[in-house]
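Novice: Given next are the chains, with one letter for each unit.
There are 2 protein chains.
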Amino acid sequence: MTFPLHLAISEQLRDRILDGSYRSGDRLPSEHQIMAEFAVSRITARRAISNLTQQGLVTVQKGKGVFVATQQKVTYSISSPLTFLEADIALQGVTVTVQTLVFESVTVPIEVAAILKCSIAYLQKKVLLFNGIPGCVDVTYILPELGKAYEAELREQMTFTTLERHGMTIDKLDATIECTQADYETSEQLEVTLGHPLIVYRHTAYTDDRGAIVHGESISRGDRFCYSVSIDRNRSRDLSSIGTKNRVKDSELLESLY
Amino acid sequence: MTFPLHLAISEQLRDRILDGSYRSGDRLPSEHQIMAEFAVSRITARRAISNLTQQGLVTVQKGKGVFVATQQKVTYSISSPLTFLEADIALQGVTVTVQTLVFESVTVPIEVAAILKCSIAYLQKKVLLFNGIPGCVDVTYILPELGKAYEAELREQMTFTTLERHGMTIDKLDATIECTQADYETSEQLEVTLGHPLIVYRHTAYTDDRGAIVHGESISRGDRFCYSVSIDRNRSRDLSSIGTKNRVKDSELLESLY
DNA sequence: TTTGCTAGCTTGTTATAACAAGTCTAATTT
DNA sequence: AAATTAGACTTGTTATAACAAGCTAGCAAA
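Protein chains in written order, with the working numbering: chain A, 144 to 401; chain B, 144 to 401.
Treat the hints with care, as some may be off.
Selected chain B positions facing chain A (in silico; Cβ < 7 Å) [claimed, not checked]:
hint, residue
1, N194
2, T213
3, P340
4, I374
Residues from chain A that face chain B, not an exhaustive set, calculated with beta carbons under 7 Å [said to hold, decoys possible]:
hint, residue
5, Q197
6, L316
7, G338
8, C369
9, Y370
10, R376
No wet-lab data here; the hints were simulated from the structure. Glycine residues also receive a C-beta, built at the ideal position from the N, C-alpha and C atoms.
All chains should be built: construct the whole structure from the sequences, respecting the hints.
Specialist: Written out as structure tokens, the structure reads:
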């Protein structure tokens, strides 16, 4: 039960990050410097850095070095207008751009058919860019009449921004939130390393008159995004004190999302 | 821009897992077998396995081998009774046990004081065991009069089980959900590897007459737990179709949590 | 029969070595 | 002065090697 060298070193470096010796954005010692300072081989030095990477404390840039990661996150609010909107994210000083990869009418998988209660729907696959940087991969199924009517807008904006604009207010929302780790394909799309933590938001939105109108899955970078929920038994709409804790201050986010 | 060997191998093994060649619980080829099959060094073979571990596809057991991971998750529902309860998890065939590490009256940090509107509160740190296996680390601040009155029960059950039992129904709930990665301390408590994905639930619960009564943070294993939310503008209480998608069938979960 | 030990499997840790490739700066060339 | 190039950094990939330590099955001793 010996304490591994690489862990001893990464814990020591971790302490320096947490106590402020290395600040957000600072460069850590290079592999060679670690080899010298702790008198270890390169394998061990790299393993120590790898430990920090896995904890999300640092990011590595080939040819440049290892840098202390910034921790601020952008908040998706799924509370009151019952869905998140561009406007809500804009409040956090972040501009969202939609890059539609796929937008076509398809025969939906049976699970989705059971939810939307139709066998044909529009399938949209898109990448959301936040201040120009990819942060979310989204796959959404939309009722055919809505997809057809609003295609042009849906291609350019977030789904619910379009729907709200056309007077479709969501009356009910079912969602699950979980986390996963990036496989190779997703790691390429979101420009992260293999195994990077991701936060998955799976949802179904309903209106009183049409039933389920949208069903989809959003996969966002776990290091940059979080969800906030506010449920109030009395007032069904309440925007106060939602996600203030993790909100990014305007000044900080430009550097936060480099 | 060459495609790394280790990635080529891990992608190939990944395909075998996804197409069912290796099933849930099966053993993958050992490092030596991979070295032979793909004609690579041990470093590369280990790196390939490490890639799969990082994607959450396999778990490694020293002295035994590499095994395909089980993917089913237990769902915390934060929808209608406004908080999750033991009863709700029991529906999924999982028994929750509470292991209280700390239960004491403390001077709260200023952020918490601002929320609870008092400077002294009970601090409870606990580990939640699911079918006897650690799955969640929880830190909760509770109003002093409640902590004092219900200490015995709070030590043994989930917080809201106790509160509901004494007629304290939650009227409002603010929460954020995000994911992080295990640091060394948490990795020991939850018996996972360093950097293991975790899902963090930070919440404040309110009652109409007392205001904020509980504020806390739950850190669960991201590979075993997810959250479900259901918001309905009309009916403020509705248990139907919550988290059915990720619900574990009774038969499956015993093996799912070994 | 039961216990205990050993041999051979497994993964974990660490060292040395070499080459590839991205980044930056400073010297050189145009 | 501007553009190019070279060199000295950085991290990335891969190989060989050795020892430690957890697990299991089979053999031997009690």
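Novice: Decide, hint by hint, whether the structure agrees.
Specialist: Now for the hints, and whether the structure bears them out:
no.: 1; hint: N194; verdict: holds, 6 Å
no.: 2; hint: T213; verdict: violated, 14 Å
no.: 3; hint: P340; verdict: holds, 5 Å
no.: 4; hint: I374; verdict: holds, 5 Å
no.: 5; hint: Q197; verdict: holds, 3 Å
no.: 6; hint: L316; verdict: holds, 5 Å
no.: 7; hint: G338; verdict: holds, 3 Å
no.: 8; hint: C369; verdict: holds, 3 Å
no.: 9; hint: Y370; verdict: holds, 5 Å
no.: 10; hint: R376; verdict: holds, 5 Å
Going through the hint list in order, the structure does not satisfy hint 2, though it satisfies all others.
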